[in-house]
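Q: Work the whole structure out from these sequences, hints included.
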Amino acid sequence: MRPYALLVLAGFRQQSAYRLAALAGLVANTTFGFLKVAILLATVEAAGGELNGYDAGSMAAYIWISQGLLGSVNLFGRTEVAERIRTGDVVVDFLRPLDVQGASVATEVGRNLFALLPRGIPSVLVGALVVGMTMPTTPLPYLLGAVSVLLGITVSVTTVYLVAATGFWLVETRGVQILYMVLSGFLAGLFVPISLFPAPLLALASATPFPSMLQYPVDVLSGRVEGLAALGLVAAQVAWLVATAALGQALTRRGRHKLEVQGG
Amino acid sequence: MSSERITETPIIETRGLTRTFRVRDGLTRRTVVAVEDLSLRVDPGEAVGYIGANGAGKSTTIKMLTGILVPTSGEARTCGLRPVADRRRLARQVGVVFGQRSQLWWDLPVGDSFALLAAIHRLSPADAASRRDELVAQLELEEFWTTPVRQLSLGQRMRAEVAAALLHRPRLVILDEPTIGLDVLSKQRLREFLVAERREHGTTLLLTTHDMGDVERLCDRVVLVDRGRTVYDGDLAGLSRTVGAQRVMTVDLAEPVPATALALPDGASHVGEQGHGLRHRIGFDSERATAAAVLAAVSTAAEVLDLSIEEPDVEDVVRRVYASRR
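Heads up: the sequence lines are chains A and B, in that order. Position 198 of the first sequence, counted from 1, bears residue number 198 in our numbering, the numbering being contiguous throughout. Position 294 of the second sequence, counted from 1, bears residue number 294 in our numbering, the numbering being contiguous throughout.
Hints are computed from structural coordinates only; laboratory data are not their basis. Ideal Cβ placement from N, Cα and C applies to all residues, glycine included. It is possible that part of the hints are untrue.
Here are some chain B residues the structure puts well away from chain A; computed CB gaps all over 12 angstroms [unchecked claim]:
hint	residue
1	Arg30
2	Leu40
3	Glu273
4	Ala291
5	Glu310
6	Ala323
Facing chain A, according to a computed beta carbon distance under 7 angstroms, are these residues of chain B, among others [claimed, not checked]:
hint	residue
7	Val70
8	Ala91
9	Arg92
10	Val96
11	Gln103
12	Ile120
A: Printed below as a string of structure tokens:
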């Protein structure tokens with residue numbers, strides 16, 4: 001496992017080379033955070049101060065934690081490995097005594113973890129200081145929340161890897177990536193919490209890995225879902241992680257036989 | 001290392017290795033044969049120059065030998081392993097440099113890539129450190145060891161790339177266009193290093209290049225491919241001989257001398273003159289005449305002020321071989 005752990009670290013350190021980009025990301029995250037505050041808090045107020053279990057404080061917590069996670073959870077569908085398949089640089093990955101999917105996932109997780117520092121934590125702090133939000137007062141939700149956030153990041157990476165792996169067949173995956181982006185934000189609960197969805201849409205979202213990336217970690221960390229129910233969400237995340245990782249393995253194995261290295 | 005036992009199995013052995021690609025051509029699709037029925041055997045310790053025009057199938061072959069591409073048909077064994085099925089085990093025994101692609105971590109200092117590669121190849125810390133120090137000293141990586149890879153010059157990066165490919169002491173080193181884009185001095189240093197490395201460790205070398213200098217200084221065997229097929233397999237002198245490739249010496253003389261007054265040695269011939277006999281171009285076959293002999297012959301006719309020697313380049317040799325086949 002040591003090589004993969006070092007790749008996580010390498011991804012983390014690589015991302016740290018782009019500090020100005022991280023700052024720009026933070027500005028974008030908080031700007032949209034205030035926009036969501038204006039819309040969603042007004043909705044809660046219009047509903048009489050409580051909406052499907054959300055009050056102003058818990059809605060604010062949802063908004064700022066989800067904005068904070070946006071830099072670390074891959075909802076855009078772009079990865080380095082997709083680009084490497086497109087340009088043929090992926091040959092270098094196949095020349096290493098490593099699992100190609102494992103190496104890519106480890107590096108991306110490392111990159112995304114770094115983003116918590118300049119984007120994740122500051123977003124939450126800005127929200128807490130400027131708008132105020134309700135957070136748990138016991139340590140357990142934070143501990144389980146940390147696990148859930150890590151799982152959320154990883155599920156997003158293993159799912160986006162599937163987008164990249166279609167490149168073994170398609171070469172250019174931009175169409176798939178845009179489809180992913182359109183679906184993921186909505187179904188992950190980025191725009192409104194999925195518990196506000198009508199029942200059929202909620203059922204649809206729950207049948208995808210997307211809520212595991214954002215909604216579940218937010219619910220667990222903010223303490224909105226507690227105890228056994230919180231463990232249930234984490235279990236769902238683990239299940240999606242296993243499913244997407246296994247599918248990624250299968251696609252990589254099949255895709256290798258289709259690989260036509262681009263660019264000589 | 002028990003070299004006697006290793007010599008019994010070839011490092012590379014292919015039988016009828018073939019790879020085709022489907023290429024879209026307007027609305028229709030056609031099949032392009034990149035490598036056709038390649039049977040190649042390379043023994044431990046050999047240095048083979050694998051040459052041919054662009055699109056001759058060189059890179060495709062390398063990618064099949066290292067388990068990156070799956071052959072359409074035929075068989076390959078590299079270091080006694082099946083490349084595709086045993087890819088990860090094979091990767092521990094092979095070091096590859098693709099001149100056009102980087103295996104270093106772009107945003108990290110050079111040294112970090114080596115720490116990562118040592119872990120990836122599961123080298124022991126002591127082994128990794130001694131090998132790293134050796135490579136740092138020989139390829140002069142010290143000066144940019146802490147510089148992020150993206151800030152290196154091409155020459156610096158290629159030295160680091162070669163070192164990275166050799167960190168795990170591979171039995172087989174494959175270099176795909178390692179000197180592309182390098183200046184004369186950088187090429188020279190890289191070649192000297194590779195010669196020393198082979199002398200010391202008995203590493204097997206497979207090299208693709210368009211640079212005759214690479215082949216001349218590094219390889220004792222040349223395999224020339226055309227449209228996926230082997231058209232020549234033997235030593236370099238033999239290849240040049242088959243097409244009559246020559247080196248060309250250009251001499252500037254202190255006073256005009258007619259071409260007929262130059263008593264050229266065997267294997268040399270006059271190919272042109274300028275400035276009414278002030279500059280002469282003399283072609284010679286390295287097998288039959290040395291540059292020194294040509295120069296000595298010219299010097300008897302007039303004082304030589306300046307001279308330059310053009311090597312026949314692989315492209316030229318390849319072109320002639322191809323032309324003779326069509």
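Q: Work down the list of hints and note, for each, if the structure agrees.
A: Checked hints:
The beta carbon of Arg30 of chain B is kept farther than 12 angstroms from every beta carbon of chain A, the shortest such distance being approximately 14 angstroms. Every C-beta of chain A lies more than 12 angstroms from that of Leu40 of chain B, the closest at about 20 angstroms, which supports listing it as non-interface. Distance check for Glu273 of chain B against chain A: the nearest CB is about 41 angstroms away, which clears 12 angstroms, and the non-interface claim stands. Taking the minimum C-beta to C-beta distance to chain A, about 35 angstroms, the non-interface status of Ala291 of chain B holds against the 12 angstroms cut.
Every beta carbon of chain A lies more than 12 angstroms from that of Glu310 of chain B, the smallest distance being close to 27 angstroms; the non-interface claim holds. Residue-level check passed: Ala323 of chain B sits 24 angstroms from the nearest beta carbon of chain A, beyond 12 angstroms. Among the interface hints, the one on Val70 of chain B holds; its C-beta lies about 5 angstroms from the nearest C-beta in chain A, closer than the 7 angstroms criterion. Hint status for Ala91 of chain B relative to chain A: holds, with the closest Cβ pair at about 4 angstroms, below 7 angstroms.
The criterion of a C-beta within 7 angstroms of any C-beta in chain A is met by Arg92 of chain B, whose closest approach is roughly 5 angstroms, and the hint holds. Here the hint on Val96 of chain B is kept, as its CB sits about 5 angstroms from the closest CB of chain A, short of 7 angstroms. This hint holds: Gln103 of chain B has a C-beta 5 angstroms from the nearest C-beta of chain A, less than the 7 angstroms allowed. The beta carbon of Ile120 of chain B is positioned within 7 angstroms of a beta carbon in chain A (closest approach about 5 angstroms), and the interface hint is therefore held.
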